[in-house]
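Chains as they are written, first to last, in this note's numbering: chain A, 1 to 285; chain B, 1001 to 1141.
Please keep in mind that the hints were generated in silico from the structure rather than gathered at the bench. Here a beta-carbon is modelled for each residue, glycine too, at the ideal position from N, C-alpha and C. It cannot be assumed that every hint is accurate.
What the hints assert, rightly or not - Sample of chain B residues with no beta-carbon within 12 Å of chain A, all distances over it, derived: (1) Glu1030; (2) Thr1035; (3) Ala1041; (4) Ser1042; (5) Asp1077; (6) Asp1107; (7) Ser1114; (8) Pro1119; (9) His1123.
Stated by the list, open to error - Short derived list, chain A residues pointing at chain B, Cβ under 8 Å: (10) Asn92; (11) Thr95; (12) Thr126; (13) Asn129; (14) Leu191; (15) Phe193; (16) Ser197; (17) Lys206; (18) Ile207; (19) Gly209; (20) Arg279; (21) Gln283.
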Amino acid sequence: MNKKVILLLAGLGIALGAPITASATPQDDLKQFQAFYKKRFPTVPLEAYTDGVNVLPQYADQVENWNLLMEFPPYEMEVDKAQELWSTPFANGKTYSSCFKNGAKGLAVGYPFYDKVSKKLRTVVTDINECRVRNGEKPIKNLKYGDMARLVIAFKMLSNGQKMAVKLNSPEAIAAYEKGKQFYWARRGQLNFSCASCHVQNAGNKIRGNVLGAGLGHGVGFPVYRTKWSLKGKPLGTLHRRYGGCNKQVRAKPLKPQSEAYKNLELYEAYMNTGIPIRVPSQRM
Amino acid sequence: MRKSFSLVATAGAVFLAGNLAMIPVASAGEKSLPTEKECKASKPTDAATKGWCVIITRKQGNCLACHDVVTKRWPADLPASGNVGPPLVSMKARFPDKAKLRAQIWDATAANPSSVMVPFGRHKVISESDIDNIVTFLYTI
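Kindly generate the complete structure, drawing on both the sequences and the hints.
What follows is the structure, encoded as structure tokens:
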């Protein structure tokens, strides 16, 4: 089994820890990444990765709790708050919808993207804050939970069920993608793990009692409502909150949400999710 | 290395199956090993027990995160172990060269660059004497 993994990873053109980028195009990376999981979890269809670790056969004996929660999802109240925030006008009378084409319907499948005009990699979070500023409001400071998470939920719900389709259509976009890929495969922290150590090489294995979920699908369910976070009174979390948590676990310094490195990482993961439907919010344990 | 790694993994799977089939129990006269709490409270002085305590203590070796440890002296109330690494079993027979066993713990990536095992010595996660004590303990199982 492990031998197979190593061979497959060699096929990905990557020795764990240090990508030998050779000349793999993002399209090649995508094909190989998704094929890897298809081989490792042959019974799990691509669209199912939306639900994270819950869909892995190795999690079957633990999934009952999640199934029970999903009968009356605890995130319902947060969704109400999210929609209220989204539709409440700014002091100038305009709303968030006014900042986006089609009121933001269906846009989330294309985020993040590199914008040639502002010369920036834009995420849903940066665009929501920019919309606020353009309308005379202060940007939201907390980018991990709370109102920003709610607004991202409202934004992405307008694309629920639609498949991820991030475009890498400029040299700058590809450069950001390559940096994100580097981050994903590089080992870090005192404990010396890369993202791939856990979510590729050991997806489906147990670390203590925790089954490690596949890297495929990371982000399409975010922001999530997480039981563990709800115990501290902050149940919602953006994707970058989760990145910070996964960095801390290996005793690496977590980076700031919406830092360049995390945005690049989000771009890499989002591109790997091509074809996987968005489903927001999600319930996680 | 890759070849021997896959052999190790296969051996591990066999031992794991055996371990699940018959949960080992300490026989009369054998005291079970201390739990994490007991380690903290009793501060063991012999090298092997010290090594065991480093293995199970989460903020130290945390080896159970990835390994089962196959011993008849397993305490009753330890949390579940992970399966990222092979079960630790019959260490003396499998590592007749003590230095090799120590090297595996000091920096597993030296022998296998793609290993996800934490380089405990190289990254100074635990002390050199803790590593020695772990090796002493592993030679008892």
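Do the hints match the structure? See the list:
Listed as outside the interface, Glu1030(B) is consistent with that label: its C-beta sits roughly 26 Å from the nearest C-beta of chain A, beyond the 12 Å cut-off. For Thr1035(B), the condition that its CB be more than 12 Å from all CB atoms of chain A holds, with the nearest at approximately 15 Å. No beta-carbon of chain A comes within 12 Å of the beta-carbon of Ala1041(B); the shortest separation is about 22 Å. No beta-carbon of chain A comes within 12 Å of the beta-carbon of Ser1042(B); the shortest separation is about 24 Å.
The Cβ of Asp1077(B) sits about 14 Å from the closest Cβ of chain A, beyond the 12 Å cut-off, so the non-interface label holds. In this structure Asp1107(B) is not separated from chain A by more than 12 Å, as the shortest Cβ-Cβ distance comes to only about 9 Å. Its closest Cβ contact with chain A, about 4 Å, brings Ser1114(B) to no more than 12 Å, contrary to its assignment away from the interface. Non-interface status of Pro1119(B) relative to chain A is broken: a Cβ of that chain comes within 12 Å, the nearest being about 6 Å off.
A Cβ of chain A approaches the Cβ of His1123(B) within 12 Å, the least distance being about 5 Å, so the stated non-interface status is violated. Hint status for Asn92(A) relative to chain B: violated, with the closest Cβ pair at about 53 Å, above 8 Å. Hint on Thr95(A) is violated. Least Cβ distance to chain B is approximately 48 Å, over the 8 Å limit. Taking 8 Å as the C-beta cut-off, the interface hint given for Thr126(A) is violated, the closest approach to chain B being about 33 Å.
Restraint check, Asn129(A) versus chain B: the minimum CB separation of about 37 Å is more than 8 Å; hint violated. Proximity of Leu191(A) to chain B holds as hinted, the smallest CB-CB distance being about 5 Å (cut-off 8 Å). The beta carbon of Phe193(A) comes within 6 Å of a beta carbon in chain B, closer than 8 Å, and the hint placing it at the interface holds. Nearest Cβ of chain B to the Cβ of Ser197(A): about 4 Å, under the 8 Å cut. The hint holds.
The criterion of a C-beta within 8 Å of any C-beta in chain B is met by Lys206(A), whose closest approach is roughly 4 Å, and the hint holds. With its C-beta approaching chain B no nearer than about 5 Å, Ile207(A) sits inside the 8 Å limit, and its interface hint holds. Interface restraint check for Gly209(A): the shortest CB-CB distance to chain B comes to about 5 Å, inside 8 Å, so the restraint holds. Interface hint at Arg279(A): violated, since its Cβ lies 29 Å from the closest Cβ of chain B, which is beyond the 8 Å cut-off.
With a least beta-carbon distance of about 23 Å to chain B, the hint placing Gln283(A) at the interface is violated under the 8 Å criterion.
Hint violations for this structure: numbers 6, 7, 8, 9, 10, 11, 12, 13, 20 and 21, all remaining hints satisfied.
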